[in-house]
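**Student:** So you can see what is in the structure, the chains are spelled out below.
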Amino acid sequence: MLNPSLLNEINQIPGFENKKAFAGAFAAKPNGRMAARPIKFVTPGTNKKFSLDYILDAVGLKDGMTISFHHCLRNGDAVMLYVIDAIAKKGIRDLTLAVSSLSAVQDCLLPYFEQGVITAIDTSGNRGKLGAYVQQGKLKKPAIYRTHGGRARAIETGELHINVAFIAAPCCDKYGNINGVQGKSACGSLGYAMPDAEYADFVVAVTDGYTETALDYVSIPQTQVDYITEVDSIGDPAGIATGSIRVSKSPAELVISKYAADVIAATEYFRDGMVFQFGSGGMAIATASFIREKMLQDSIVASAGVGGVSGFHVQMLNEGLIKTFYDPQDFDVTAIQSLGTNPRHHEISASAYANPFSANPYVNMLDFAVLSATEIDVDFNVNVLTDSYGKLLGAPGGHPDAAAGAKLTVITMPLLRNRLPMLLDHVSTIVTPGESIDILVTEYGIAVNPRRQDVTDMLRGKALPIKSMEELKAKADKLTGKATPVEFSGKLCGLVEYRDGTIIDVIHQI
Amino acid sequence: MNSLYRTLLFVPGNNPGQMVKADIYGADCVIFDLEDAVSIHEKDAARDLVKHYLTDLRPETCRVGVRINAQDTPYYEEDVRSMVSVKPDFLRLPKSETAENIRQLDKLITECEKACGIEAGSVKIIATIETALGVYNAYQIASASPRMIAIGLGAEDFRTDMRMTRSEDGQEILFARNLISLAAHAAGVMPLDYVYSNFKNEEGFIADVRFGKMLGFTGKSVIHPSQVPLVHQVFTPSDEELEHAKKVVAAYEEAMAKASGVVALDGKMIDMPIVVRAQNTLEYAKASGKEL
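Sequence order for the protein chains is A and B.
For the first sequence, the working numbering gives the first residue as 1, with consecutive numbering after it.
For the second sequence, the working numbering gives the first residue as 1, with consecutive numbering after it.
Wrong hints could be hidden among the right ones.
Said to hold, decoys possible - Computed Cβ-Cβ distance ranges for the label pairs, DEER-style:
no. : chain 1 : residue 1 : chain 2 : residue 2 : range
1   : B       : GLN18     : A       : ASP425    : 25 to 33 Å
2   : B       : GLY117    : A       : SER489    : 48 to 56 Å
3   : A       : THR484    : B       : GLN18     : 23 to 31 Å
4   : A       : ALA474    : B       : ASP169    : 43 to 51 Å
5   : B       : GLN18     : A       : LYS49     : 56 to 64 Å
Said to hold, decoys possible - Computed far set for chain B versus chain A, every beta-carbon distance over 12 Å:
no. : residue
6   : GLN71
7   : CYS116
8   : TYR139
9   : ILE149
10  : GLY170
11  : GLN171
12  : ASN178
13  : SER197
14  : GLU243
15  : SER260
16  : VAL262
17  : ALA264
Stated by the list, open to error - Once the Cα atoms are required to be at most 27 Å apart in a straight line, the calculated DSSO-like pairs of lysine-lysine come out as:
no. : chain 1 : residue 1 : chain 2 : residue 2
18  : A       : LYS258    : B       : LYS286
19  : B       : LYS107    : A       : LYS258
20  : A       : LYS184    : A       : LYS62
21  : A       : LYS141    : A       : LYS491
Simulated from the structure, these hints should not be mistaken for lab results.
In this text, all values refer to a predicted model and were calculated from it rather than measured experimentally.
For each residue, glycine too, the CB sits at the ideal point set by N, CA and C.
Whole structure, please, built from the sequences with the hints as guidance.
**Tutor:** This is the structure in structure tokens:
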């Protein structure tokens, strides 16, 4: 766990004075009250729609403030560039960019980092040129990488104070009601924008779907939105949502997916009325398709699905295999349409989904979650943020949240990628602690966390290739040779925050 | 490892990425190919790769064979010499046309086993028959050596040799499949069904495996990992078949214990062939992971 001298170094950095080291998934004992929200007031008939230039003056944006965005437009987003460019033209500098995640498309923001418009990042992940910029140590202070639930917690407790939230709005009426299911740039659930809308000092809707008619589907209500600005396009639909479901065609990934479904079905968590989450990657969908077959075979119905939604989740919802869905994010057109039309498909905020400091986030309902990993170590610690060389490429996202909440967390991961082993003595970056991970499924076998003797007992006598972590590691080492540990520089570039706000690992300069 | 040869998965002998994953698909048998999958410029490299693989990374969960190059090629002899030294379970000889082909291979393997200090007879032979002459001589080929464990049909070359027109459902090779199955059973070796190359046609493949099983084939050569579970599925006895087989074997064992020559079940006499079929069913059920 985190080296005390490293924590000391972190505590010297302004803004991180009170950061503590990770001490266990449920070690935090929070108390006190949530952050105060600004009082808002408008007289009836007040116009909210102005040019961005006007709005930037009206909200009093100044050097050193924090601006926020959501990532629900994924790799199609055009709003961050549009807004930050306007801010830069006003000569404002030294902003903190607080965004629920950053995609490859945001490489276009690099010049604004280099000009000093943005000097700090608070996000779930970044990659590409921005990732490289962070790891060249060029930010004023280390970037902070939060989980989806952790970001909501930080906003709601006041740790992350947002001065102005710019919300990309696929559809927005003249009163300020917003939804993500209508308009030419529909993105589905706006779950990741909801905490920002609720707690930011000012909320600005940036929309290409403006309407004079009041919306009948509202994701973010008019009571939270101060200003509206209209643009030609908030993004590229091709980058916002994929067209069709992608099921893995890789024979090895299908082996992993089948093992994952078999191992889940062999536990007591696979039962009528279960609640589950699986991702939207090719391997997760393949696992889901095998789970679906077993559900049909055994006449089992899930009471709820939680997490990001794709067309395959919708298919199961429509087939009645999942009774209801709690959805903070949508990945494809089918999912977006379903959210807008199916009353059993519910939009939830990132906070509802995963904020650990709430009465019961939805992840706590999970019987099982099927998650991926870029690396795992012999203690079951998982990395989903950096690659084998410690380079930023992913994001914690909801990984640590779902893993902590689920009664059974299953990691599906190939033991080897190209010539490199993915099961190591130590992962490059710890994102999700091993105590939250119960089962690793690889193409060479399945390992159960020794902390879960009950799961080991459930799987006894079943026809499954159960191995110890050490056996799987020995297999990987035999096939690839033992990986030489990557040596990192001493310079701190990023903090990896656990969902409760403690620091679980750091990102180094490379 | 089970004792069946339901699936024999071909893996190119020059592709390390595919080779290290060869044993994860659950095939009963993996065959590293030195023949058609490897260009003439890579024959020696593939041979070295397979040799190192079998020395250092030999899978523990399935049998391993090597398809060597045919006897009329310049690669044949070196293929045999280098492969026998790492003791694969078998060598698969393409273009087997006569018993003499098998006897020559047997002789060379015997010589190599002796030179390497390997127990005589360790390395078995599977013959691929892919010409009109080969099909005509199927029984002689199948019974040419005690090393012989199976024969299989190479359908594409056979069609060419026979100047056949290819059909979707393989009607034109029906006679050859029948003959291969007959010859194999007559010689006491396994008949292996031909490669169904259109691995994207799952429905057609399953129908083809079912038909082959009906003809008496005990396993199938496959070229894509996705075909492995489909073959196993066809060869997995149903719950009813399994229950019946259990009763038959139990009745047989009871009769044996009583030293009674008559085996009866539910008031009906059971002949020995039914007992043997029931024993086979149990073996296939066990290999499929069914609880006995």
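**Student:** Now, for every hint given, state plainly whether the structure supports it.
**Tutor:** Hint check results:
1. GLN18(B) - ASP425(A): 25 to 33 Å: holds (28 Å)
2. GLY117(B) - SER489(A): 48 to 56 Å: holds (54 Å)
3. THR484(A) - GLN18(B): 23 to 31 Å: holds (26 Å)
4. ALA474(A) - ASP169(B): 43 to 51 Å: The hint (43 to 51 Å, Cβ to Cβ) holds, given that ALA474(A) and ASP169(B) are roughly 47 Å apart.
5. GLN18(B) - LYS49(A): 56 to 64 Å: Roughly 60 Å apart at Cβ, these two residues keep to the hinted range, so it holds.
6. GLN71: The claim holds: GLN71(B) sits with its nearest Cβ about 33 Å from chain A, beyond 12 Å.
7. CYS116: Given that every Cβ of chain A is farther than 12 Å from that of CYS116(B), nearest at about 24 Å, it holds.
8. TYR139: holds (37 Å)
9. ILE149: holds (27 Å)
10. GLY170: holds (25 Å)
11. GLN171: holds (30 Å)
12. ASN178: Nearest chain A Cβ is 32 Å from ASN178(B), so the label holds.
13. SER197: holds (16 Å)
14. GLU243: The claim stands: GLU243(B) keeps its Cβ more than 12 Å from every Cβ of chain A (closest is about 19 Å).
15. SER260: holds (36 Å)
16. VAL262: Nearest chain A Cβ is 37 Å from VAL262(B), so the label holds.
17. ALA264: Per Cβ check, ALA264(B) is outside 12 Å of chain A; nearest 34 Å; holds.
18. LYS258(A) - LYS286(B): Given that 27 Å is the threshold and the Cα spacing comes to 20 Å, the pair holds.
19. LYS107(B) - LYS258(A): violated (45 Å)
20. LYS184(A) - LYS62(A): Distance ~33 Å between LYS184(A) and LYS62(A) Cα, so the pair is violated.
21. LYS141(A) - LYS491(A): holds (11 Å)
The structure does not agree with the numbered hints 19 and 20 stated previously, though it agrees with the rest.
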